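Undergrad: Sequence:
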Amino acid sequence: MENLGAGDYQFAVTGYAGFAGEILRLRNANRSAAQTAAYLDWRYAVSPGAPEPKIVWARDDAGHSRGMAALIFRPFWLNGELQYIAVLGDISLDSELRGKGLGRCLLKFMTDYLDQSHPERLAIVIPNEAAERSLTHVGWIAGGRLVPYVFVLNPEAKLTSILKGSHLGVGVARAASKAMASVHRWHLRAGYSLSVVDTLDDSFDVFWKRYPKTRLLLSDRGIETLSWRYADHPQNKFGFAKLEHDGRFMGYLVYERSGTTPMCSVYDFILSEHSDLPCLLALFVKHCADQGGIDTIRLLLGGEHPYRRQLWKLGFIAREDAGVFQLYGPKAQARLRESKWFLTYGDKDI
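Residues 3 to 352 (my numbering) make up the sequence shown, in order.
All the given hints hold, so there is nothing to weed out.
Subject to a maximum C-alpha distance of 27 Å in a straight line, what follows is the list of computed DSS-like cross-link-like pairs (lysine-lysine):
hint: 1; residue 1: K350; residue 2: K110
hint: 2; residue 1: K350; residue 2: K333
hint: 3; residue 1: K244; residue 2: K215
hint: 4; residue 1: K350; residue 2: K215
hint: 5; residue 1: K244; residue 2: K342
hint: 6; residue 1: K288; residue 2: K315
hint: 7; residue 1: K215; residue 2: K342
hint: 8; residue 1: K315; residue 2: K244
hint: 9; residue 1: K350; residue 2: K239
hint: 10; residue 1: K244; residue 2: K350
hint: 11; residue 1: K211; residue 2: K244
Pair ranges (Cβ atoms, derived):
hint: 12; residue 1: P308; residue 2: Q12; range: 40 to 50 Å
hint: 13; residue 1: E275; residue 2: E98; range: 47 to 57 Å
hint: 14; residue 1: R100; residue 2: A192; range: 51 to 61 Å
Everything labelled a hint here was simulated from the structure, so no lab data went into it. Being a predicted model, the structure only gives us computed values, none of them experimental. We put the CB at the ideal spot given by N, CA and C, even for glycine.
Model the full assembly from the supplied sequences, consistent with the hints where possible.
TA: Written out as structure tokens, the structure is:
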């Protein structure tokens with residue numbers, strides 16, 4: 003354990019083992035959605051070959067934990083090289099201490115820890131506005147914006163609500179649906195098919211091993227990482243949509259169907275050829291329409307994601323930015339210049 007005094011508070015760095023209960027109590031006390039011990043064990047699972055997770059604490063003079071932040075090391079591919087990036091998350095501070103500078107001190111101590119213990123390692127975070135301001139103050143840089151997109155699969159539900167169930171709303175919605183269906187049919191390609199499965203198989207790993215990993219920065223998609231992130235998730239149930247061309251695996255899409263709203267969220271998608279994206283999305287939209295009960299399909303991309311320019315072709319509408327991602331480390335600026343970050347919903351809180 004490392005300590006540094008700062009007024010009435012002490013800052014410390016520990017591992018995860020033995021502190022799960024303390025993390026859960028502090029996190030749940032300061033978040034709107036409570037989590038479970040099973041979720042924490044999943045979240046803090048160590049990736050093969052990665053350093054152990056680190057928890058940074060702010061404790062009062064009585065030894066009570068009043069704030070925390072976590073560094074969990076996850077595998078990313080940075081221009082053909084596998085590295086373990088420090089993912090910052092679980093930033094929590096008791097409500098009565100917010101706005102008094104303690105959170106900034108905590109994040110400064112955490113950043114100093116990175117400088118001392120992991121001087122060559124890149125770090126990333128998707129922060130809320132308060133954390134973004136504090137992290138900027140202690141040297142983190144903006145990596146880019148995060149842009150949500152929405153596709154309205156059932157415009158009738160939306161328009162009839164806006165127009166209060168009028169016949170005009172129904173007519174406009176049906177005309178829009180027919181027009182979009184024609185657009186989707188135009189993007190379908192001979193020999194391409196989509197198979198939707200609930201489990202991962204070796205074909206996903208074979209695809210990833212032959213996937214070109216230069217000129218990109220993205221989280222690892224090997225079978226171990228995919229299994230941990232999606233198949234082993236303790237709460238969410240994900241589906242996998244495989245795009246094939248005459249039997250050859252061309253890419254896939256990971257999604258979750260909401261259990262409470264008529265919505266489907268796309269967490270990840272990756273393709274051997276970027277030009278196959280309209281076909282993949284057209285087939286997936288058709289799958290959702292055939293399933294029924296889905297009004298909207300939503301996804302999130304980093305503002306410089308290479309796929310973003312094609313989304314308009316399928317009717318995916320960009321919404322107001324959902325915030326930023328930030329980077330820290332001696333090579334952060336160079337990484338931004340070298341290539342584009344493939345950030346999606348799947349990179350939030352990993």
